[in-house]
Amino acid sequence: MLEINNLHVDIDGKQIINGLTLTVPAGEVHAVMGPNGSGKSTLSYTLAGRDGYEATDGTATLGGADLLGLDPEERAALGLFLAFQYPVEIPGVAGMTFVKTALNAVRTARGEGELSALDFLKLVRARLKDLGIDEAMLKRPVNAGFSGGEKKRNEVLQMALLEPKFCILDETDSGLDIDALKIVADGVNKMRGPERGMLVITHYQRLLDYIKPDKVHVLAKGRIVKTGGPELALELEEKGYGDVLAGVAA
Amino acid sequence: MAAKEPLGVAAFAPSFRERSGEPEWLSGLRRDGFARFSEGGLPTNRDEAWKYTSLRPIARAKYEPAPANDDAVLGDLPGLMLEGSARAVFINGRLAPALSDLEGVTAYVLPLADALGADWVQALLGRQVDDAQVMYALNAALFDDGLAIRVPDGETMPRPLEILFVAAPGERALMWHPRMAIDIGENARATIIERHIGPAKGAYLANHGADIRVADGAVLTHAKAQLEGGEGRHLAMARVSIGEGAIYDNFVLTLGAALSRNEVATSLNGSDSEVRLNGAYMLNDRQHADHSSRIDHLAPSTRSRQVYSGAIGGNARGVFQGHIVVDQIAQKTDGHQLNRALLLSDHAEIDSKPVLEIYADDVKCSHGATAGDIDDDQLFYLRARGIPAEQARLLVVRGFLAAAAEGLGDEAVRSIMLAELDKALGLEGIE
Numbered sequence: 001m002l003e004i005n006n007l008h009v010d011i012d013g014k015q016i017i018n019g020l021t022l023t024v025p026a027g028e029v030h031a032v033m034g035p036n037g038s039g040k041s042t043l044s045y046t047l048a049g050r051d052g053y054e055a056t057d058g059t060a061t062l063g064g065a066d067l068l069g070l071d072p073e074e075r076a077a078l079g080l081f082l083a084f085q086y087p088v089e090i091p092g093v094a095g096m097t098f099v100k101t102a103l104n105a106v107r108t109a110r111g112e113g114e115l116s117a118l119d120f121l122k123l124v125r126a127r128l129k130d131l132g133i134d135e136a137m138l139k140r141p142v143n144a145g146f147s148g149g150e151k152k153r154n155e156v157l158q159m160a161l162l163e164p165k166f167c168i169l170d171e172t173d174s175g176l177d178i179d180a181l182k183i184v185a186d187g188v189n190k191m192r193g194p195e196r197g198m199l200v201i202t203h204y205q206r207l208l209d210y211i212k213p214d215k216v217h218v219l220a221k222g223r224i225v226k227t228g229g230p231e232l233a234l235e236l237e238e239k240g241y242g243d244v245l246a247g248v249a250a
Numbered sequence: 001m002a003a004k005e006p007l008g009v010a011a012f013a014p015s016f017r018e019r020s021g022e023p024e025w026l027s028g029l030r031r032d033g034f035a036r037f038s039e040g041g042l043p044t045n046r047d048e049a050w051k052y053t054s055l056r057p058i059a060r061a062k063y064e065p066a067p068a069n070d071d072a073v074l075g076d077l078p079g080l081m082l083e084g085s086a087r088a089v090f091i092n093g094r095l096a097p098a099l100s101d102l103e104g105v106t107a108y109v110l111p112l113a114d115a116l117g118a119d120w121v122q123a124l125l126g127r128q129v130d131d132a133q134v135m136y137a138l139n140a141a142l143f144d145d146g147l148a149i150r151v152p153d154g155e156t157m158p159r160p161l162e163i164l165f166v167a168a169p170g171e172r173a174l175m176w177h178p179r180m181a182i183d184i185g186e187n188a189r190a191t192i193i194e195r196h197i198g199p200a201k202g203a204y205l206a207n208h209g210a211d212i213r214v215a216d217g218a219v220l221t222h223a224k225a226q227l228e229g230g231e232g233r234h235l236a237m238a239r240v241s242i243g244e245g246a247i248y249d250n251f252v253l254t255l256g257a258a259l260s261r262n263e264v265a266t267s268l269n270g271s272d273s274e275v276r277l278n279g280a281y282m283l284n285d286r287q288h289a290d291h292s293s294r295i296d297h298l299a300p301s302t303r304s305r306q307v308y309s310g311a312i313g314g315n316a317r318g319v320f321q322g323h324i325v326v327d328q329i330a331q332k333t334d335g336h337q338l339n340r341a342l343l344l345s346d347h348a349e350i351d352s353k354p355v356l357e358i359y360a361d362d363v364k365c366s367h368g369a370t371a372g373d374i375d376d377d378q379l380f381y382l383r384a385r386g387i388p389a390e391q392a393r394l395l396v397v398r399g400f401l402a403a404a405a406e407g408l409g410d411e412a413v414r415s416i417m418l419a420e421l422d423k424a425l426g427l428e429g430i431e
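These protein sequence lines map, in sequence, to chains A and B. If you're matching positions, the first sequence starts at 1 in my numbering and goes up one per residue. If you're matching positions, the second sequence starts at 1 in my numbering and goes up one per residue.
If you're looking for bench data, these hints aren't it; they were derived computationally from the structure. Be careful, since some hints might not be right.
Derived Cβ-Cβ restraints for the label pairs, each shown as a range [as the list claims (entries may be wrong)]:
| hint | chain 1 | residue 1 | chain 2 | residue 2 | range |
| --- | --- | --- | --- | --- | --- |
| 1 | B | N315 | A | Y241 | 52 to 62 Å |
| 2 | B | H367 | A | G13 | 32 to 42 Å |
| 3 | B | S366 | A | A246 | 45 to 55 Å |
| 4 | B | G79 | A | I178 | 51 to 61 Å |
| 5 | B | E48 | A | L123 | 51 to 61 Å |
| 6 | A | E54 | B | G79 | 41 to 51 Å |
| 7 | B | D346 | A | G13 | 37 to 47 Å |
| 8 | B | P152 | A | E150 | 25 to 35 Å |
| 9 | A | K139 | B | E428 | 13 to 23 Å |
| 10 | A | E114 | B | L356 | 46 to 56 Å |
| 11 | B | E171 | A | E150 | 53 to 63 Å |
| 12 | A | E150 | B | G79 | 37 to 47 Å |
| 13 | A | G240 | B | V355 | 56 to 66 Å |
Restricting the straight-line Cα-Cα distance to at most 30 Å, the calculated cross-link-like pairs of lysine-lysine (DSS-like) are [stated by the list, open to error]:
| hint | chain 1 | residue 1 | chain 2 | residue 2 |
| --- | --- | --- | --- | --- |
| 14 | B | K353 | A | K139 |
| 15 | A | K122 | B | K423 |
| 16 | A | K226 | A | K239 |
| 17 | A | K129 | A | K139 |
Beta carbons are placed, not taken as given, at the ideal position from N, Cα and C, and that holds for glycine.
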């Protein structure tokens, strides 16, 4: 499903991702853990196609299609979804307008045609109900003045509406208390399925108590330096990154 | 060397005439207005209040007063902005009763000429004009038509009133100077929506004046969509006095005209009164739009809120001048002013001049001005959700501008103003 091979990314002339190789098959959830500055956010931005995050070498494909040459919206249409660490506030644009525009854009790009207003409303209401979110949230401007929990629930709602093939969750636990974290994790878990892959990027093991990964990768200095099962996350939690990385050649 | 003649006097002087049949106070007002104009002429960039907006093109344009006989060529009039509104239609500055629908509000809305005998009209129109308000003085000298709108104490105008100003200039450059007198009585309520439209071609000058009183406890919602034609020039000044506990809620959407200035001068005369002046504008090509405001806090515990947001592209230029004066008796004043501009091209320009004059010691006043490019974080967020770049840019601009309407209290009025904005952005029906 998602295949990253020997990825290199420079930001302002500084090498941040440095030969990263990683494969996440359909149906699996992988975690990427790493200390601050290891390149976690750069990885997610590069995969989603943010300006200024261009690969200097290597490849990244989703379902066999090259991602790196595409605009962000084309990647979304292909089925890639990035749940932002810091979802962006857009005052002056209602949430409903935003999700409708996004869904119709993605459907159009996928050749599915726009939904009628009625079908859209039915779909939104069904997803809101699944996730236990009040419709009032979509009447407010996108993320404007939202609490951390509301913002992350809004991300999960968008994910549920856009039905991506592959989800990247960038530090989804940041800014959440434990109750909010559980709610968000529940939403994410509902999205798990045999056709869908997920990459959960996190600094802390805590999130992985609720979104249980099939594999855990440790990112350091822009590369995957260690890969293991869920127990690796616990080891990191217990011993810290220092010990785990000590055995890894720089 | 002979003294240089003030700007524009030669162009406008032939239009001034003594009018028979008007009350003496009005003849005096017109003569005073004309004398004031003749003395200084059109304001120039040397006048502090007109530092960034030049009226030289207006002096050169040789506008003729629009003829009274209505041979203007009209297309179909647009539908109402707000369903259920009454509507007064002006063609080239003159009320067109046959095109208007004032059913249910005829007791509240009169042609100005029919109300000149009323004391309240005289009181409003006869108020002192400041030196800088030259175009207002010219309006007094030259106005041919207008409305007298009055809501008696304790009443609510039964329907919102839309005033549709249609420009149909034809071959020659025409001008008109409509005048509104608006009196909202104690604890009364009214909603007035102005819409100004004009064709893409055809030069004209619309020089509007409005005298407004919002009495104690009253609420006036006053919104305006300026969608003038591409060669139109639009100058508008509203002078508003606000009584105790009253609210004047003003919003302007500026999209049209080659040159425009929207000026609102308000005085908060009674304690606990509030003024909201908000606006959104979108400029392109060589458009020039000036939003100027003056707020005098003249009583304790008064509140003012201003947010003006603009998106400026092409070689266009935006001007914001916000002047807040807090009198020494106006303790506990709460004044907030913000001007935000998105500069969408390298040649776009914004000039922002906030002035705070504070003579009281226990006040909360702030002002801010920002100018910048489109927000990359917002753009990326939208694109990452699959929205194509161009549409994402439009949405970011939409959001930026629409945020200025948040201060407008009436939700229905806010939504029609945003619908006009969306139309201009090509995002029609997005909400």
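Consistency of the hints with the structure:
no.	hint	verdict
1	N315/B <-> Y241/A: 52 to 62 Å	holds, 55 Å
2	H367/B <-> G13/A: 32 to 42 Å	holds, 40 Å
3	S366/B <-> A246/A: 45 to 55 Å	holds, 53 Å
4	G79/B <-> I178/A: 51 to 61 Å	holds, 54 Å
5	E48/B <-> L123/A: 51 to 61 Å	holds, 57 Å
6	E54/A <-> G79/B: 41 to 51 Å	holds, 49 Å
7	D346/B <-> G13/A: 37 to 47 Å	violated, 26 Å
8	P152/B <-> E150/A: 25 to 35 Å	violated, 47 Å
9	K139/A <-> E428/B: 13 to 23 Å	holds, 20 Å
10	E114/A <-> L356/B: 46 to 56 Å	holds, 49 Å
11	E171/B <-> E150/A: 53 to 63 Å	holds, 59 Å
12	E150/A <-> G79/B: 37 to 47 Å	holds, 38 Å
13	G240/A <-> V355/B: 56 to 66 Å	holds, 57 Å
14	K353/B <-> K139/A	violated, 35 Å
15	K122/A <-> K423/B	holds, 27 Å
16	K226/A <-> K239/A	holds, 15 Å
17	K129/A <-> K139/A	holds, 16 Å
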